[in-house]
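Enquirer: Protein sequence lines, in the order shown, are assigned to chains A, B, C and D. Just so we're aligned, residue 17 is where the first sequence starts under our numbering, counting upward by one. Just so we're aligned, residue 17 is where the second sequence starts under our numbering, counting upward by one. Just so we're aligned, residue 17 is where the third sequence starts under our numbering, counting upward by one. Just so we're aligned, residue 17 is where the fourth sequence starts under our numbering, counting upward by one.
It is possible that some hints are incorrect.
Said to hold, decoys possible - One side only, chain C facing chain D, incomplete, derived with CB under 8 Å:
1) R23
2) E25
3) E31
4) I101
5) D212
6) N223
7) R227
8) D244
9) I255
10) L334
11) I338
As the list claims (entries may be wrong) - Pulled a few chain D residues facing chain C out of the computed Cβ check, cut under 8 Å:
12) E25
13) I26
14) M30
15) E31
16) I36
17) E38
18) N223
Because the hints were derived from the structure by calculation, they are not lab data. Ideal Cβ positions, reconstructed from N, Cα and C, are used throughout, including at glycine.
Protein chains: 4
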Amino acid sequence: MSTSVHRIEIPTIMEVDSNILENVGSYILRAGIKKVVVFFGDGIRELFGEKILHSINSKSQLSTLETYDYDDIRIENLMPIAFSIPSNAEAIIGVGGGKVLDAAKYIAFLRNLPFISIPTSTSNDGFSSSGCSLIINGRRTSVHAVMPFGIIVDIAVIQNAPMKFIYSGLGDIVSKITAVFDWYYEENNKAARVNDFAAMLAKKSVNSIVRMPYTQVTEEFFLKEMVDSLTMSGIAMQIADNSAPASGSEHLISHALDKILEKPQLHGIQVGIATYLMSLVQQHRYERIEKFLSDTGFFNYVEGLQMRADDFEKAIDLAPTIKPNRYTYLHVEENRIKAKELLRNNEILKRILK
Amino acid sequence: MSTSVHRIEIPTIMEVDSNILENVGSYILRAGIKKVVVFFGDGIRELFGEKILHSINSKSQLSTLETYDYDDIRIENLMPIAFSIPSNAEAIIGVGGGKVLDAAKYIAFLRNLPFISIPTSTSNDGFSSSGCSLIINGRRTSVHAVMPFGIIVDIAVIQNAPMKFIYSGLGDIVSKITAVFDWYYEENNKAARVNDFAAMLAKKSVNSIVRMPYTQVTEEFFLKEMVDSLTMSGIAMQIADNSAPASGSEHLISHALDKILEKPQLHGIQVGIATYLMSLVQQHRYERIEKFLSDTGFFNYVEGLQMRADDFEKAIDLAPTIKPNRYTYLHVEENRIKAKELLRNNEILKRILK
Amino acid sequence: MSTSVHRIEIPTIMEVDSNILENVGSYILRAGIKKVVVFFGDGIRELFGEKILHSINSKSQLSTLETYDYDDIRIENLMPIAFSIPSNAEAIIGVGGGKVLDAAKYIAFLRNLPFISIPTSTSNDGFSSSGCSLIINGRRTSVHAVMPFGIIVDIAVIQNAPMKFIYSGLGDIVSKITAVFDWYYEENNKAARVNDFAAMLAKKSVNSIVRMPYTQVTEEFFLKEMVDSLTMSGIAMQIADNSAPASGSEHLISHALDKILEKPQLHGIQVGIATYLMSLVQQHRYERIEKFLSDTGFFNYVEGLQMRADDFEKAIDLAPTIKPNRYTYLHVEENRIKAKELLRNNEILKRILK
Amino acid sequence: MSTSVHRIEIPTIMEVDSNILENVGSYILRAGIKKVVVFFGDGIRELFGEKILHSINSKSQLSTLETYDYDDIRIENLMPIAFSIPSNAEAIIGVGGGKVLDAAKYIAFLRNLPFISIPTSTSNDGFSSSGCSLIINGRRTSVHAVMPFGIIVDIAVIQNAPMKFIYSGLGDIVSKITAVFDWYYEENNKAARVNDFAAMLAKKSVNSIVRMPYTQVTEEFFLKEMVDSLTMSGIAMQIADNSAPASGSEHLISHALDKILEKPQLHGIQVGIATYLMSLVQQHRYERIEKFLSDTGFFNYVEGLQMRADDFEKAIDLAPTIKPNRYTYLHVEENRIKAKELLRNNEILKRILK
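Chain A on its own, in the form it takes in the complex (with noise of 0.2 Å):
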């Protein structure tokens, strides 16, 4: 009935803390399952392989039926592992950063079998939501999986990870201020149904951590709250069914740039620059969004990447075609050339962009 109240999908298993990667086990067998294959990224199993799989394989009951080094996210590759994992497997655990994530992600999906993700890093809500990013027919394509059975982040981890990816995980997060704006304003202009309760969520999830107090943030406390909201930011999305609560015009640019670009920045560094410049354009929430990443040191961190204004400028002009079904601020030409201009008169982006 369309009077029923609303159902979602949350991760069964949540566990965010630091020094838990020796618990992974006793989180798996909690929630029921028995016979796993983990997906580890490239690189990783050096680093955690040994605490992780031990975990797993030092309880009698769970046991590893087969484990892969893994990064490659082109879907003809995937498919034939996917078919090929044992047909007893319980569970598919992705351990590292994005691709394998995805690829594990994808796999599970395939197999109809729950994902456990572990994050090695954070730098985007990829972790947390139901989608991901595959490479179908040469193009890199965002498809639907499945949301995470289990979350399991281990903020000593997430500290050790270089700063690169923390910054971009904050980029991505202060991107929920410009997304949310351009949602409403697509509702307003007829073009889209805010899911209000999406909305709250990722406002809350930006929010909690835009006005939190830290000293540094590779702080314990302070990365924990990040890596809160970049999952809430994940479940907002599967909540609206769609990726408008945590993707606006912002991202629009970041998604332009990884075309025009040889070696584009990590998704959340393209996503903070661009959240900045767009605040500035909605006129919205524009001095929060520079003090946090001031503040955080992101700003003199994008500073030392050499990115040039000219791509922004590009990708500004491409950004309404990425999504043509959308209407973001973007999708509006006098919001281009105001973007345009705050490219060169700006003087935080002068200084950050070449």
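Position chains B, C and D relative to chain A; hints supplied.
Expert: Quick look at chains B, C and D alone, frame taken from chain A:
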């Protein structure tokens, strides 16, 4: 299967904004509902009845089958009304404070109809939770009912509600800090299993508001955040399938006061004081709580209520017996002793309690 | 989304076999339940109490918190019991006939606990449906409750129940033929929407038994088929989210008789006769129904009950007023006239009704 | 919770009747779908394309985005098509035999779109089940896909399909008798857990048709019953979350024949013969099966197919290796010996197998 992703229910309609009572009809119709029964709390019809009923009945496809002025939460009186409601009713709407919302919510549950919650004051998270508090066999009892299908909160209305309701809402929100801490304490003592996602939502709900800048508590942006936070708290309970993420030792003190006192204060008023007390016992985030309750004017407000330390002392001793199956800080004697000492020695508590 | 697959609920425990009362404990434990409250219908404890309670309490992990001898379906009396049940109860078990099952089912609904249905006679499909029939404001009323979490039917027990219960069960089963026909009639008259899957289950439930060979109705294989059919009928209603697949004009006549008569006969007895009558009015599969009710001995049995044609005549006129929103054959005057003529002229009806 | 009622998915659209292809558009629209992509099996567009496409495109709000003539079940070929389907598609429709239905069903699964199944022949229960059979790494493989959102079967079309499809459908239906018997056998040997509700549906599905009177198998009423039975069989598998209720030792023989033979016969043809054979091995309801397969003309039909006893003998030996984790009658050597003796000595088998 135990390994299926966890499904939860969330409201389909969720609208939180200023001056939206005139849109109630559109929200309902958009959700596919055509025939409704409306319950107003005492005195509420005079204030908002015309606006709401007009917005409903002005729609050609939408109609009001019956309206009630009702504030009685004795189950023996609810029953006959519930089963006298016309069989073609498609939804039950409750408008007003805690009592009418609980009554209407329970009637919706008994008739297996969607419930639409329109609080005119948000002194606690009842408007967004699946539970309700009724008088059964003469005693106030918390019973299971149904998750609201719709939540519609007009911030302009909340703004004009007496300050005691706003302070009560703030007191209920801040209590998530001690409640979640008690929950993890229970888990560490093998007396409960924390649902990490519910705990995260509860923490986000309070963190986003206690860290938020504002000039006065009655400003729209601040109240919207409060309402969103109370809503998330209601949902967190639904995810946990119990009240633990939103209700710990601080709530036990308030429940105990309800038993002890002739005229208890508003739930959230009592809870707010008890939260500050318990945060000192738990030695967890008490500076944050103290700052929040001071800055918002909560402490100054309650100072005028002539509440008595003796009653709190009795309540502390009674607290563990309220929920004997739980294991909060107050279920341990030394913590009860510590709490009672704080009543006598803590400067703020000495000031606000006679 | 309106385009999501339709989700329905089915029992987790379903055991239908001979001499299985001693396994009740194992079935419950296997489903993860540890603490139960048991309701016995009047006189049922003497017959089966020891066997059932022993099978529960002999399990070390499983225990009975409370037991009741209960047959009262007045809601004002159910209420206090429902809310006095210990908070650590994990399931409600009902053992006996229609009344105790309805009472226990409603108590389970009020307490949001799983309900386990153990009928000792299967005179209708109540043991497997989500609805129940209570006395509210002094009148017998059908209310929404909860789908049984478990259905356990010991065929050996059903076998030894008085014949009237078996014939009543057969009468209720055969009624699916006229009920489904009425439902399609309603759809053709734009007064309802048939859920084709529910209709199919209802038809299968009756077809599998009316076409089945047997030597006597009390043989195990035949009774197992009857119980399975009644179970499917209960589930068909749940899928349709209303009683239409299992209850048409023939049920309206029975409901009307309940109002008219001092001492009505068993539901299924009245329904069976009304089904034969209505199949003649509908001119649909009446030979099949006549053969089934003759061969099973149903007609011979009811002939001894001294039921009166006059009462059926009154019931036919009253029938459409019982459910004014429906549009069955009996909602059309010419069919009521036809039906009343048949009471006078049909050989079988003349024989079984005085 | 383990104690929540079990939720299953059933089709939202289910229409089984004669001459209903012209209503396909109305059925789809009524379910809230507006834009569809249609896959026709080879040669199917010529037969039914115009009628179906007209019924869709004649609706102003409904439109066909793309149509394909397609019968390829190699996953590497499905992939690119699946992801080239326009992003505004709201449902995938498959029209034809087993291959196109499997292909379209999998494409719907990959794109997370509802699948509408319009079989033009019903030689097995694939049109109503969530699984499908694809060619992966060159081998025929059963994979998880999605439960059909809609099932539309035009009996007039089924009536005119070649007899082999009807006999294959009957062979697949009767196999539920041996399949369910094998399932209980597995449970008694602690090798499986029977889902009693799934087993009941499977039994009802076959009992309602084997006990049904008819003059010839091509008559509408009989074929409708067959289609309903195959549909229930598909749903029974979905409830059990595996194929056990619909597929036992008799299916293993058929799968083995598929491996052995250059040109296997239709699935249901092989299964029907194997069912008769296994019912003799199980000594369970073989008279009923013999009568049904004789009366319907199944045995006479297969007699003309020149199938060889030697192949069945090889298949019997190979059978247990097809699903090593199961424990059917054929997983026990003495039963394989018994089965092979029957091939040589049973009069009917001697007649129909060369």
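Enquirer: Can N223/D be said to touch chain C, with a Cβ gap under 8 Å?
Expert: 4 Å, holds
Enquirer: Against chain D, with CB atoms and a cut of 8 Å, does the hint on D212/C hold up?
Expert: OK, holds: D212/C within 8 Å of chain D, min 4 Å.
Enquirer: Using Cβ atoms only, decide whether E25/C comes closer than 8 Å to chain D, and label the hint accordingly.
Expert: 4 Å, holds
Enquirer: Should the interface hint for R23/C be scored as holding, given a Cβ-Cβ cut-off of 8 Å against chain D?
Expert: Cβ of R23/C sits 5 Å from chain D, so the hint holds.
Enquirer: Should the interface hint for I101/C be scored as holding, given a Cβ-Cβ cut-off of 8 Å against chain D?
Expert: 15 Å, violated
Enquirer: Under 8 Å is the threshold here; is the Cβ of I338/C close enough to any Cβ of chain D for the hint to stand?
Expert: Hint violated; I338/C Cβ to chain D Cβ min 29 Å, cut 8 Å.
Enquirer: Are E31/C and chain D close enough, Cβ to Cβ, to be under 8 Å, as the hint says?
Expert: Holds, because the Cβ-Cβ distance from E31/C to chain D comes to roughly 6 Å (cut-off 8 Å).
Enquirer: Minimum Cβ distance from E25/D to chain C below 8 Å?
Expert: Nearest chain C Cβ about 4 Å off; hint holds.
Enquirer: Can you verify the interface hint for I26/D: is its Cβ closer than 8 Å to any Cβ in chain C?
Expert: Because about 5 Å separates I26/D from the closest Cβ in chain C, which is inside the 8 Å limit, the hint holds.
Enquirer: With a cut-off of 8 Å on the beta carbons, see whether I36/D makes it to chain C.
Expert: Constraint on I36/D not satisfied, violated at 11 Å.
Enquirer: Does I255/C pass the interface check with chain D, least Cβ-Cβ distance below 8 Å?
Expert: Interface hint status for I255/C: holds (7 Å vs cutoff 8 Å).
Enquirer: Measuring from the C-beta of L334/C to each C-beta in chain D, is the shortest one below 8 Å?
Expert: Status violated, d = 35 Å.
Violated hints, in rising order: 4, 10, 11, 16, 17; the structure is consistent with all others.
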